[in-house]
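Each protein sequence line maps, in turn, to chains V and P.
Anchor point for the first sequence: position 277 equals 277 in this note's numbering, and the numbering is continuous, going up by one each time.
One rule links them: number in this note's numbering = place in the second sequence (from 1) + 968.
Derived from the structure by calculation, the hints contain no laboratory data.
Just to be clear, a hint being listed does not mean it is correct.
[What the hints assert, rightly or not] Distance condition first, Cα-Cα at most 16 Å in a straight line; then the derived EDC-like pairs of lysine to aspartate or glutamate: (1) P:LYS1010 / V:ASP511; (2) P:LYS986 / V:ASP515; (3) V:LYS621 / P:ASP1003; (4) P:LYS990 / V:ASP511; (5) P:LYS990 / V:GLU512; (6) P:LYS986 / V:GLU818; (7) V:LYS621 / P:ASP999; (8) P:LYS1010 / V:ASP654; (9) P:LYS990 / V:GLU640; (10) P:LYS990 / V:ASP509.
[Said to hold, decoys possible] Every beta carbon over 12 Å from chain P, so not counted as near; a handful from chain V, in silico: (11) ASP21; (12) ASN134; (13) THR409.
[Unchecked claim] If you anchor each label on the Cβ, the simulated ranges turn out as follows: (14) V:GLY384 / P:ASP1019: 29 to 37 Å; (15) P:THR987 / V:SER941: 38 to 46 Å; (16) V:GLN959 / P:ASP1019: 49 to 57 Å.
Here the structure is a predicted model, which means the values were calculated and not measured.
We put the CB at the ideal spot given by N, CA and C, even for glycine.
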Amino acid sequence: MKDFVIPWDGVDGNGIQDDRDMGTPAKSGAPVTLTIDGFEITVPTGTSVMRAAAEAGITVPKLCASDNLEAFGSCRLCAVEIEGRRGMPASCTTPVADGMIVKTQTPKVQKLRKGVMELYISDHPLDCLTCAANGDCELQDMAGVVGLRDVRYEAVETHFATRTASGPNPKYMPKDESNPYFTYEPSKCIACSRCVRACEEVQGTFALTMEGRGFDSRISAGTKLDDFMTSDCVSCGACVQACPTATLQEKSVIDLGTPTKSVVTTCAYCGVGCSFKAEMNGDTLVRMVPYKNGKANRGHSCVKGRFAYGYANHSDRILSPMIRDTIEEPWREVSWDEALGFAANKMRGLQETYGQKSIGVITSSRCTNEETYLVQKLARAVFGNNNTDTCARVCHSPTGYGLGQTFGTSAGTQDFDSVEHSDVVIVIGANPTDGHPVFASRLKKRLRQGAKLIVIDPRRIDLVKSPHVEAAHHLPLRPGTNVAVVTAIAHVIVTEGLMNEDYIRTRCDWDEFLDYATFVSDAKNSPEATALLTGVNAQELRAAARLFATGGNGAIYYGLGVTEHSQGSTTVMGIANLAMLTGNIGRKGVGVNPLRGQNNVQGACDMGSFPHELPGYRHVKNTDARDVFESLWGVTIDPEAGLRIPNMLDAAVDGTFKGLYCQGEDILQSDPDTKHVAAGLAAMECVIVHDLFLNETANYAHVFLPGSTFLEKDGTFTNAERRINRVRKVMAPRNGYGDWEVTQMLANAMGAGWTYTHPSEIMDEIAATTPSFADVTYQLLEDKGSVQWPCNAEHPDGMPLMHVDGFMRGKGRLMITEYIATDERTGPRFPLLLTTGRILSQYNVGAQTRRTENVAWHGEDVLEVHPHDAEVRGISDGDWVRLTSRAGETSLRVTLTDRVSTGVVYTTFHHPDTQANVITTDYSDWATNCPEYKVTAVQVSLSNGPSEWQEAYASQAAQSRRITPAAE
Amino acid sequence: MSPDSMVRMANQIAAFFKTQPKIDQAQGVADHLSDFWEPRMKAQLVAFVADGGVGLDDLVVEASKRL
Ligand code: SF4
Ligand code: SF4
Ligand code: SF4
Ligand code: FES
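Take the sequences, apply the hints, and build the full model.
Pasting the structure below:
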């Protein structure tokens, strides 16, 4: 694929800044000056002649080079002449030298290049006019550039002709169409190996190899017997993007033609927040291509953001508003006015009958900052209460509390580029290759360069051992014992004197450190003493602790395996302690990095979605923070915290919480203890679901307001590195309105009188009220591409690294983290521990990804069981089993694997028909009520199909989803 | 909120503050409750304590008096 530079580069508002392919990667060395075609140019040492020429605006023909890959020097098309050197060196592999004089276009090189092209073309099916890459093919372009006019070689053998004069062509290679999103057409391959190198260097999967020699060279996914789907390929698309020809080609381009315009936007899936170019034909999205200037992803992507956008046009999408009086009735399609009037009347009526605090909202980590801000404003300014919460409650609320207590801000400390400077990386309670794939690729690249990895996870996640990457230490702890393990690491660091005393003395509170040191040094916190409890080998833990403390720049990345526990907040504090103890905060390559689950978890927290906090993490009890909003909005803000999601459900069951506006969240599927959630929803009198699909929560809803996709609206997402990225509207909303407009209409139906005409005005209001966003405007994002908050007068360019000269709260605070076992214990009835997670191809509750071809990789949730645990229960691979906890039971299929230890079972929660959350309990983090998803005592036994509960659920869902269309 | 889950949640908070040195632990619990518990929940707790507070940690009982 080549870079489309013209005709739309620089068109206002599309966000594209120069993203030409410079041929080879950028270098950073001392300046070197040389002359190319008579022009003097200065570049860093180590730069290739090709890149230097590109910097000077001179394009040297090339086929095997690309600036995201190390130069390879195989095609010879980029030959140049250099004064004083013999022959014609390849400019992509020749580094610049001071005083070098280069000529990129001489009769000699032109002749050589023509010869090279003739050879390529002789085994190429010249069906350019009907080829999917027509107009987007570097081979075509190069034929033009070198002035290829005739081909002197008569091809005796080819790989493209299906037949020869004497019968079927034995060399013919058919297309591999196994991958749902792209094809491999070997007959068009020019063996440049860009794809092979992209898979290795960029993605780090090593799925591709070059097979055969010379004329017969072709790439192969996996072994000879494999196709793309059976190989290790994870469908990230890096090879497709790298391929200069139609050999690896998106099926969407084959179907729809090459795109004619392009707009930069942000992936709506995980918290990495990759930037993409949405490439369009009119208002049809042809493909999503990772954007090179995207600072989170640097031109890379995963299968979700790259390919899984088809849900936007799925037939399940609901485009008309619907209402009903009771959930037993079928839905009635109505006009927007009627639906909003109905909703507003009900909500106001509930407040009249049951009080001002009887209704609330749930904002979404999938929606934009602007939308989230409006939803919490709806609660605070229109409902007049603080009953606003977000799904971040159920994932990263302990991060907010834990980092707020220790550092003074609830956010990750680094940017993603930082990992390029790390020497030792701890990954705890996260599975980046599945959950945060582009970050995982960047991490693996650093690991291949020699950085060391420590994995702390009950499961042997892929990072523990994958091609060319192996963890130095894997500590497979028992679910629920994070605090004990983290504290034992601190024990080793302190008792062996490995802490960074200077750092602690200058940056932290020394008295608190002394208390902390006494606490961790206690023998009961030693790895030997805790081994019985945690299941972690003490020697291995000691070695890991020593490595982290002494191995250079140490960075910690963590995920929901840390937070979703009864001691989630305590573990976050423990992680912050480790970073402070070792002086690993405040520079590149170190830090504490929460990997956020969904795209805008960070933003949802920043925007005041929590019931105790106004935007910018200011407690509602603070008069000065309330004043800001009270004077702007002309309302009085309740100084008392509102209800959190679990509290809303409890209050609903108690009869004091009656109405809910739920934007873009599916609490029935995603929240723990499904039966309790269902009981809470069923007890409410008005549930308004604002979503793309009739999700599970909508089974209990009275109003359905159709939502819009990220392609259909303007806004911003804030990723895990606090980076505010633009989301740009590339097509009109199919439902008629952007989600921010829908919220505004609902607010106005309740008498709010809001008058926003564009999301940029909402951002202006955020900036005016929230100090850490003070300088953020859409214009700034247009100019800079993106910015990491805080962005204000003190930090006009934002802040890539936090706590550089001191902590936001002043002195860093080392906190005592005593291990307290969860109440959830195994016993004779429930002897195994269930832990949950996610998989690469699916996202969260799967509402989006299940409606794409991604189901080819993961069509159902399966239960991972250790072969030993299976054997004693008479269970074999593939059997249906019943999974039971004290909360409920469900059935699913089993896979036997030693990735999980004995005593531990694991599953994902992407499919509503399995509903892993029927099993999970209502236990939660002590500080934030974040549910304890990661530890549930269960039993597993053979079964022969869905449980009664599953059958009852399926029939209730079918009943509840009936729709009576509006009369014409 | 069921009394059981209220008791468990409150005791969990107390369990954390009990491990924190050199602070007024009851005040720590009281502050946490007043920062994060909605008035209905606090009222339920106070009423539960008035009813004998069976199962509640002493620290919670003490904290509830400062709400
Ligand atoms: S799609 Fe990604 S993982 Fe698959 S072969 Fe291409 S680069 Fe490798
Ligand atoms: S498939 Fe494409 S990128 Fe890979 S070697 Fe062939 S032409 Fe090059
Ligand atoms: S899902 Fe995450 S890693 Fe994948 S493309 Fe989207 S933001 Fe990037
Ligand atoms: S581009 Fe330099 S040898 Fe291929």
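For a quick check of understanding: which of the numbered hints are violated here, in increasing order? Of the numbered hints, 1, 9, 16 do not hold.
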